[in-house]
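Top line first, the protein sequences correspond to chains A and B.
Number 155 in our numbering belongs to position 155 of the first sequence; there are no gaps in the numbering.
Number 331 in our numbering belongs to position 331 of the second sequence; there are no gaps in the numbering.
Treat the hints as calculated values from the structure; they're not laboratory data.
If several chains are the same, the list does not tell them apart, and a pair holds so long as it fits within one copy or across any two.
DSBU-like, lysine-lysine: derived pairs with alpha carbons at most 35 Å apart:
#, residue 1, residue 2
1, Lys521, Lys547
2, Lys236, Lys424
3, Lys524, Lys337
4, Lys104, Lys524
5, Lys245, Lys402
6, Lys582, Lys163
7, Lys524, Lys547
8, Lys586, Lys163
9, Lys156, Lys582
10, Lys245, Lys229
11, Lys165, Lys230
12, Lys547, Lys104
13, Lys156, Lys29
14, Lys586, Lys207
15, Lys104, Lys582
16, Lys170, Lys210
2 protein chains.
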Amino acid sequence: MMRRSMTVVAVAAALSLPAMTTANPELMKLMDDPNNWAIFGGDYAGTRYSELDQINTGNVADLQPVWTFSTGVLRGHEGGPLVIGDTLYIHTPFPNNVFAIDLKDQSIIWRYAPQQDADETIPVMCCDTVNRGLGYGDGKIFLQQADTNLVALDAKTGKEIWKVKNGDPKKGETNTNAPLVVKDKVITGISGGEYGVKGFVAAYNIKDGKRAWKAFSVGPDKDTLIDPKKTTHLGKPVGADSSIKTWEGDQWHLGGGTTWGWYSYDPDLNLVYYGSGNPGTWNPVVRPGDNRWSMTIFARDLDTGMAKWVYQMTPHDEWDYDGVNEMILADIAVGGKQRKALVHFDRNGFGYTLDRETGELLVAQKYDPAVNWATKVDMKTGRPQVVDKFSTHKGGQDTNTKNICPAALGTKDQQPAAFSPKTKLFYVPTNHVCMDYEPFEVEYVAGQPYVGATLSMFPAGKVTGDGSTHLGNFIAWDASAGKIVWSLPERFSVWSGALATAGDVVFYGTLEGYLKAVDAKTGKELYRFKTPSGIIGNVNTWSYDGKQYVGVLSGIGGWAGIGMAAGLTGDTEGLGAVGAYKSLDKYTQLGGVLTVFALPD
Amino acid sequence: MMRRSMTVVAVAAALSLPAMTTANPELMKLMDDPNNWAIFGGDYAGTRYSELDQINTGNVADLQPVWTFSTGVLRGHEGGPLVIGDTLYIHTPFPNNVFAIDLKDQSIIWRYAPQQDADETIPVMCCDTVNRGLGYGDGKIFLQQADTNLVALDAKTGKEIWKVKNGDPKKGETNTNAPLVVKDKVITGISGGEYGVKGFVAAYNIKDGKRAWKAFSVGPDKDTLIDPKKTTHLGKPVGADSSIKTWEGDQWHLGGGTTWGWYSYDPDLNLVYYGSGNPGTWNPVVRPGDNRWSMTIFARDLDTGMAKWVYQMTPHDEWDYDGVNEMILADIAVGGKQRKALVHFDRNGFGYTLDRETGELLVAQKYDPAVNWATKVDMKTGRPQVVDKFSTHKGGQDTNTKNICPAALGTKDQQPAAFSPKTKLFYVPTNHVCMDYEPFEVEYVAGQPYVGATLSMFPAGKVTGDGSTHLGNFIAWDASAGKIVWSLPERFSVWSGALATAGDVVFYGTLEGYLKAVDAKTGKELYRFKTPSGIIGNVNTWSYDGKQYVGVLSGIGGWAGIGMAAGLTGDTEGLGAVGAYKSLDKYTQLGGVLTVFALPD
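Make a model of the complete structure from these sequences and hints.
Written out as structure tokens, the structure is:
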């Protein structure tokens, strides 16, 4: 492990460089240094893996909190801190305050407190007022505010350098995603799938915020930046207007496919990877067709935004199985052949392994045996084989289709998995939840909910005699074989991002508030600590002054915790999640706190 | 140390007893068992001392957080938990939620969430929406809500057993104090000194909430429960209508003397001890006279409420030096003679030692050398010798009297001190703050502020070159001699209650958020931990399953933290405190969290 003093010099040098034409070398260097946690996913590949091994299976039982920081905000805290050199940057949910914290004494170097219109923004945030974190590059901290303002702050002072408006909350457009900084660009998406928002990805120049390109998920080729001849779907060119041909009439204008999840990047291929969300209304009956390119993995050229390949996981979604979950880039062997793979755990319950260069589908297997809406994925067509009795379209409008697994929030939602190149395993926080789903007719009004289904969720696992539930599992996944290696049952969904380390320790948080450390090979629990509130944040690690730290945000909320976060009592408002998680308040209460752990001196 | 299993039996037995005519034996037994923390002050004497010694000077450096609990409320968290057997009870600021937490797994056994009118109550809470804790007795948890409702809850289920209204927020009456349970009564006071509220203490029957007696601080003898012949002041009967004779005309109707501090009790003498607050408006010019019995220590018979003795510390207050701070009952030698003493650290900067049986004044010395408004206390008359240039009355209305020490929030405010019978020392969290004070004419309107002075506060200590302040000290005090034994300078006021233990470790919290452990004999710092937010709560200790725990609420706020808690930027709204503490937000943010510490297994 590098000594801290070296990092200080390196970072100071980087920060003092004159403006660069590309942020890549600086940021790549910072990311390569495991003392930092310079990007939300730990690296461009989104592995959430750290080379640090001071904390390992032999000593993690001695871990202890060493300092804590309350954010001053109560609702759901997703994401986690960035650490660059001797400074830690942490964000909050709405109102999206940002703090730069001095790792030496935990004092606050600066605070950025944006002014946002709560009355305009909060009512159009479907699933709590979360924010998934910050971006860093070119001496700037990038904040994607809920009200869609993308802001560049001076990393040293917190002063605003530029600000651009990425959308319009009056149309239901908001933001929850962390921005991705690559080269001279900062990439961001858009939220609002429950408000008829048409999804897009936009790239802004990190120097001045000028927009470089914008690519919609649905629409004509000029909007989607899809080349009919060059862009492929499972190896074949998609053809002209591949999106709008799969919609009835002009329904694609309300085509959804929002882009509120995580972004990855491959520097060698110069491709950005992300997924798109649900197609407009949740009522499938009124929008026949495949509804392309909702529910789709995109691989786009960083410089131009042009799509190299696409893969639609859930054509004609009938269950709200957004495709926005993280894309983890890992070089693994599949079928005896080494691959530049992309591994993705979709809301729909299938774990996908693709060739990230070509978009070839290599593996698609259920990562929770409870998944029942489809029997399997046809490896030639890439289409899930839908089970009739769980088709809410076949069930029809105003009919309650029962016992569909997973529920709308998926076998996994935004909580990102981790990958260890040492064990070659993926560590996946999952939900174990099913639902009843009833589509209904809904009319589009800008800025109003455009959901079109009522649903209720309940545990896939049995409720035990003492009323305790089994709503989630933390699993180790072999993405080459498409198999679960081990699985740890949890009382609630595991809504926290995982962390894998070279110490062969894997970390995750639970909705009750436990930070847990388990053996990467066996899943054996080695440590747990009850943080102040339920954890929906991601576990990160860094090193300062020669010591390895592990940090996690607690602060119950998010979709699973929406009942508590927003004070809801009915499933309708909480999009079905309130009922399943109603016992959460027996274990935890609201409150945003960063807890930082280390070994004793 | 008693093994946990024995306590379980004892508590279970106590809880299952049929209704008793007096709660004393049960509560006394619970308090005598150091495994519990059964009353806010640790015992009736308010020593905040624990016989537990598992954590001691030799091992406290190994202390570590073992679990944490976010309360879900952001503003200032004063007070601390009660622990009875295997259950921990914790309260929050407004809206005064109460949680019963199972010490086995930290799950929430029950939650009580009172419905209070925020619009009516919060605007008439001068100095943050704090609450100082719960009372226990007769199988009930007593909560004194901000809106003055005193509530008895079933300790096992949280179900409301009875509720009585102790005052009226429309008149500016609110509550912040912890209720005191003695025998068959629960004692409570009233807040609202800045709203013209006339202070009183009331005793309610713990069975049904029926009021047993009510004693005002000012007014005719029948209201004050003062016997002209039997009630004494420094050994002499006070005479008829001793209060109203010291007010001009009927000004006593707005006489103040609120009773929002801490209460102590001596079972042998059957006396309840507490102090009264400021006399009506802060403008002394308009209310000539001694304004008795504001700023007074009261010793009252528990059964009848009759005053046995009184001692007015600050006659005709000109500085808002409320006399409500805790009364610590300790048997110590003074002048070579063993005394049943009462020790009190007043806002006015003098540390008083009295004979608690007779009210005889034994010692009165400054416990901060910065105190300048009076040279000394005349031991015959008990009167402080006021320095003319710091008399805001002599200064006159609309004149700014400068550089008075201490400031209105006193050399100590509500933050309770601790006493160790082992070291015979008192451990006192103090403020080191001065002020400028300008009285002005104000008209009384029920429910409106009736302050009558503007003031600004600033550090008594020098502001150093790097802008860091010295706004407080944590001191060890010899109450027999009236001398500081050691003093630890702190960047901010020490607004946390102290804890002394048989392990010769003394604990306190800081406004930056550090829990600190120091050597009881030398003051040497042995341990510190940065909790999520600034600490204005009190450190408590208990034992569960054979292990000693230390717990403290963090959550910045209170008068010192009112700027952050209420989002104030001007001194006027913050009663002068905003300016002095304006750099607090460089160290901490809002958020209520209980952090529980123990030694490693």
